[in-house]
Amino acid sequence: MGLAKLAEEFWNWRLATVPDSSDDLPRVRRPDGWLPDWSPKAVADRRDVLAELTRRHRELDLSDEPVAVQVDGRLLGSALARVHWELDLIRAWERDPCFYIQQSLGPIYVELLVSSPFDTARAGRISALLRHVPLVLEQARENLAGAAGASFARSALSLLDDNAGSLEAAMIALTPFLPDEYAPELPAATRVAVDAVAAYRDWLAEQLPSLGETEPVGPESLAYFLHRVALLPYSAQQLREMGIQEWHRAVALETLLRTRHRDAVEPALPVDAQEHVQRQAVDELAVRRFADERGLLSQPESLRHYRFAPLPPYLAPLTWLGVADDLTGPGRMDEDATRYIPAPAPDLPYFERAAAFDARTAIVHEGVHAQQVAIGWHHENPARRWFYDSTPNEGIAFNYEEMMLHAGLFDDAPASAIFVASAMRLRALRVEVDLGLALGELSIEEAAERLEIAVPLDRETARDEAVFFAGNPGQALSYQIGKLQIQDLLSTAVRELGEEFELKQFHDRLWREGNVPLALQRWELLGLRDHLDEADRLAG
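Going from the sequence shown to the working numbering is simple: count from 1 and add 21.
One thing to keep in mind: the hints can contain errors.
[Said to hold, decoys possible] Pair by pair, the computed Cβ-Cβ distance ranges are: (1) 470 x 332: 23 to 33 angstroms; (2) 402 x 332: 55 to 65 angstroms; (3) 460 x 132: 50 to 60 angstroms; (4) 132 x 223: 36 to 46 angstroms; (5) 85 x 273: 29 to 39 angstroms; (6) 326 x 205: 29 to 39 angstroms; (7) 517 x 315: 21 to 31 angstroms; (8) 306 x 526: 16 to 26 angstroms; (9) 37 x 145: 16 to 26 angstroms; (10) 480 x 519: 24 to 34 angstroms; (11) 332 x 523: 37 to 47 angstroms; (12) 470 x 326: 33 to 43 angstroms; (13) 25 x 205: 42 to 52 angstroms; (14) 306 x 132: 26 to 36 angstroms.
Keep in mind that the hints were calculated from the coordinates and are not lab data. Where a beta carbon is used, it is the ideal one built from N, C-alpha and C, also for glycine.
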């Protein structure tokens, strides 16, 4: 009872205090009346609450409890470790000016992503968040003064300069969608926010010459994340070697596919976004049917869908703030998830271009997230309904992507098969980039160039990835390492369970427990603590 109560307290607190992210998986629905607060007092309060929750967690004795309860205890320990990682190790709140772009404008963007109509409550939240932007950016100046890293500041200035005018353009486009009583108020609230962002940009430019270069997270802090948050049983050097091996495998596979399909012609794009949406709806049903009939994954009728929708005019200027989708949340878990798409074009960025030609390339990755989080929100155990670390979630999506390639989903689409192999190359290279940024071996500019040339990626995607991964160490490697852990788990389950092993059953359980680190899943499913014990040993 003590553990369940503590986990509930933690998550009630976490929903109000977790930083906003440009990634979609960590997004949460905030409490009513919530506004972002990163004042020095709010940061100190976070530390005080974390210390108290950590103390209470350490006092729990779960040694005689069933394995499932002990897993829940370690899961909460991972969550508490993540908060310490955020507050005291990567310290984006005092080192990274990009952090405050996300904390000030990100909540507005998240409100705009919700696919339901704009009622008065939602319009009121948008207005309040706009008027709150100056306070968040004032807190930014107070926290960053004398501590911000120059490379992060340059990235923030680049973001703000490249997207100048985007907030104003978005709010002008939003006006016709708002209730009548809020439309007249929007221009004034927008002006307050726009002026504050401009002042923040000017302040950063003034500060830049005096800022020191950004210090990397370093090996000790990275090890804390790897072994206490993600519970990985691999050292940084092992991760590097795993990434290199997978890079070679991906390049070999892509080369084979390009040779096999050297005479294939490029498929035709949909004529417009509406045709793209219609194609995707058909494809999504076909992918679900394929997975079920091939014995890969159950697809119950009750499981919500993943839908494309044309990018609304009020979102289009702001997609630089994050992934343009609405995965919904625990309060809307049976509503369809929505991915907002631009008009099809051959010069779209890497992922968008592939999805424009064949929506299945998105369905087997982003669509996996949409399904997996919905399954997780229905979990009978409240402690397992939340996102903890991206390794299991991204590993599930990446593993599914490759599995569908090998199962034959893309046999009718050579260009899509080649793209999946190219994406495998990207995910392998991300391990090198992640470690290089975290250990100070690569600058943001060098990481972007490596991605642009070696995958290859378009310059926009390469730059976006490098900036995001520099500020979020450990995230980029989660795709590749999560997939490899899943393949290890599957292989070990085949060995341990013998004739009782059934692939669809394995994947159904994996997705249901998809928020739980894989070392803990291994312990609970197979009774094997080897990965968890190794993570503990490496943690020291």
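Against the structure, the hints come out as follows:
1. 470 x 332: 23 to 33 angstroms: Once the Cβ atoms are compared, 29 angstroms apart, the range 23 to 33 angstroms for residue 332 and residue 470 holds.
2. 402 x 332: 55 to 65 angstroms: violated (37 angstroms)
3. 460 x 132: 50 to 60 angstroms: Between residue 460 and residue 132, where Cβ atoms are some 37 angstroms apart, the hint is violated.
4. 132 x 223: 36 to 46 angstroms: violated (27 angstroms)
5. 85 x 273: 29 to 39 angstroms: Once the Cβ atoms are compared, 50 angstroms apart, the range 29 to 39 angstroms for residue 273 and residue 85 is violated.
6. 326 x 205: 29 to 39 angstroms: holds (37 angstroms)
7. 517 x 315: 21 to 31 angstroms: Distance hint for residue 517, residue 315 holds at roughly 24 angstroms.
8. 306 x 526: 16 to 26 angstroms: holds (23 angstroms)
9. 37 x 145: 16 to 26 angstroms: holds (18 angstroms)
10. 480 x 519: 24 to 34 angstroms: violated (51 angstroms)
11. 332 x 523: 37 to 47 angstroms: Roughly 41 angstroms apart at Cβ, these two residues keep to the hinted range, so it holds.
12. 470 x 326: 33 to 43 angstroms: With a Cβ separation near 39 angstroms, residue 470 and residue 326 satisfy 33 to 43 angstroms, so the hint holds.
13. 25 x 205: 42 to 52 angstroms: About 48 angstroms separates the Cβ atoms of residue 25 and residue 205, which means 42 to 52 angstroms holds.
14. 306 x 132: 26 to 36 angstroms: holds (30 angstroms)
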